[in-house]
Amino acid sequence: MSIKTVRNLRRLSQIVFFIIFFWLILKTTFEVHFTPANAAEIQLPYPVSIALEFDPLVALSTLLSTGTLFKGLLWSLVILIPTIFLGRFFCGWVCPMGSLNHWVSEIRGVKGEASNARKIKSNRYGKYQRIKYYILFLFLAAAFFGSLQIGLLDPLSLLARSIGTAVLPTIHTAALGLLGWVKGLGLPILATGAQSAYDVTALLLLPYRQAHFHGILIIGGFFLVILILNRLITRFWCRAICPLGAMLGLFSRWTLFGLQKDEATCNHCNQCLIACQGADGPDIGAVWRQPECHLCLNCQAVCPQSSLKFKFYPQQTVTAANPAGTQKVDVSRRMVMTSLVGGIALVPLLRSGDAFEINSDPRLIRPPGSLSESEFIARCIRCGQCMRVCPNNALHPTLLQAGAEGIWSPVLIPRIGYCESTCTLCGQVCPTGAIAELTLTRKVGNETVPPNRIGTAFIDRGRCLPWAMAIPCIVCEEWCPTSPKAVYFAEETVIDRKKNEVKVKRPSIDPELCTGCGACEYACPVTDRAAIYVTSVGESRSKRNQLLLKTRNLSHPPGRTA
Amino acid sequence: MDRRDFIKTTGKTLAFAAATTAAGVLFHNRRVAGVEPIVLKTSDFTVPTEKSLPQIALAKNTDHIAALHASLDVVGGIKHFIRKGDRVTIKPNIGWDRTPEQGADTNPVLVGEMARLCLAAGAALVIVTDIPCNEPRRCFLRSGIRAEAEKAGAKVILPLEEDYIRTVMGGQMLDVWPVLKYFVQTDKLINMPIAKHHSLSSFTGSMKNFYGILGGRRSQLHQKIDQSIVELATFSKPTLTVVDCTRVMLRGGPTGGSLDDVAIENSVICATDMVAADSRASEFLSLTGEQVGHIALADRSGLGKLDYRSVGYKEIT
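Heads up: the protein sequence lines correspond to chains A and B, in order. Per my numbering, the first sequence starts with residue 1, numbered consecutively. Per my numbering, the second sequence starts with residue 563, numbered consecutively.
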């Protein structure tokens, strides 16, 4: 097999893995024609978060933060073990974020001498490439002390979050807007054409309903900046920032595979540098840096003299003009220590503020089945899969609502969507178990098992129509899904301003029954700020954040005579 | 600068300034917002009545399909309502994410059989749809209606934002409202509610079922629930009404959830008079038509007969 064929295989591999990743995100939804085997207890048909489970960085960091390797994360060894032998093949052949950066870097590049000269310069190894290792050490140290921040920059989490909460919803809005505009022109042929085009788009890309995510501007903007930077420096993200790339670089320490350079045949045309993705020094005269190489094989493929060759057990002879390749990562001990200490210091710094568990936001309603806040923060990688799969668009990325530690973790906003009482999809897709998977019984409860609660509803009597304005309503009670209903009412006759007698039903909440699903808040006809609202108190996941005094059934209660 | 250049340069500047001014004047509008286009629709899908036919029948049978057939035959049989080539929309109650046993949504077996009957009578297309309160995908799936209707050959459509049309409904409260197009752009409309308890209107059956054709923030209609139900029923005149009384939720409506609140009645009502149908069905909840605000109001406004015996009520057990 010629090297050109192998390079084409690499290109194919990048496309295939990108499509798989993208397809899995598209499938992270409740499809309209989806027919599960058991309609009563709906299970998604595919393991849609499997791509995230192959991520060695997610595996290592959650291992550090929780002490265990959760469920499917063992799959990450499929990536990690070959890396030990080959190097960062994942970055060049598999990683969808890497491929995206690759394509954005290379597409419609300016050809010519000036551009080549620029690339020869920018594709040489630079000290800025060390940054990713320091980011990695910082985050791993923080993870070890219980704060999992890796998801902010882990490429697979980042890509899943960006596509799921920013890119696809934006496409949806644009497609609907365009369709409406064309239909508004009043030309039937155009309208039919636009509808067909929209239908095809919807079939391929769009979920059943348009999702609107809270505060996606920063997520979308961050993603856009990453893509734009590629135009300045090829694969800047992969070279300088990506902590997964850094981790795989570290695991390339004892590879058996590598680049062999033949100094004798080289004519110093620099074609290898122009084509290089990782800025790892493929040219004769530079140190070839194994931990930086993505194994894209471009250098070997473009070399007109066949001076470069990737092979097992490469000969790396040192000459004056051609220093040997190295498998060592270029980091300074001092900076490694600094970043580790920084990561350790980060945890108390983030937690000494008042946001974490001390004075948490009352509207920080976590998805059903979420672990206690400290365990949650030790697991959540901010991949946004729960937000994407939620059929009611109820889950949204936070900004600072959960403190600086919880950026982009999920929060339920009942005004936009409530928690559907029998739905357990968010727990099904969570790759790290931050949201535990609930059975239907554990979600809704029965005589012996209490339901999973995410909060408690309260009534704002100053805004409630029957309480404040002598107007009948009781929609909250109508929507309440528990049985018996947690919203109950007293029928009262009140006098309105014109001295008419009006019969109204005034709602109240039974906190023993309320699960905090937010259906009442969602449905409340007071459209701007609902007259009934949910706060997190009473949530099953917290021992501290409780409203009611718990009573136990003791056969002989102390202090009471039989 | 010579004269020619001066005229040319100044002329260009003046023309640009004039064009800008003209554009401003042209688009100037003192009104705050434009008027949205309104689509006017009639929604009367009734077929001419035959005097000899009873307008309401109730059949009781543990075989629910047999009960449907029996009561339908009394009011004229399917051929009386459906012509060859008709497009038919069936409007069950698929309001909540509940299973059939919980009695919050119309019995899926009845919906499937109704679709089958329409197709057998020559209907070109049978659409089954509703605008649920809970998440539509879950409601259509867990109510069992999607599966049964598709099995029968009907087209099951979930409501989409772009499928609503602004509709003049001509009521006091219901003036202009978004309505899902399948309920107004069709040849025949079959209303298939389930009879159950409702906390505000005390009973929900066929007339209240038309809340489900509305988009928008329909929960605001609760402020004048009886009036709005009657206005809706005045606007939307179905070809046929089939009230599912096979499982009747007695308490905790309209969502329910507990099987203890559901009474097994194994009854199906077919009617061409919605008021009579609701009046009869409300008796399963130990109510009478007079006690249910919207039924009494509908009777007073001449929409139908609260006294269902006066329109030829027949009972088959």
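Derived by calculation from the structure, the hints in this document are not laboratory data. Each hint should be verified, as a subset may be incorrect.
Stated by the list, open to error - Footprint (simulated), chain A over chain B, 3 or more residues, beta carbon under 8 Å:
#: 1; region: 760-772
#: 2; region: 791-805
#: 3; region: 815-827
#: 4; region: 854-861
Quick reminder that beta carbons are idealized off the backbone N, C-alpha and C, glycines included.
Worksheet item: Are there hints from earlier that the structure breaks, and if so, what are their numbers?
Response: 2, 4
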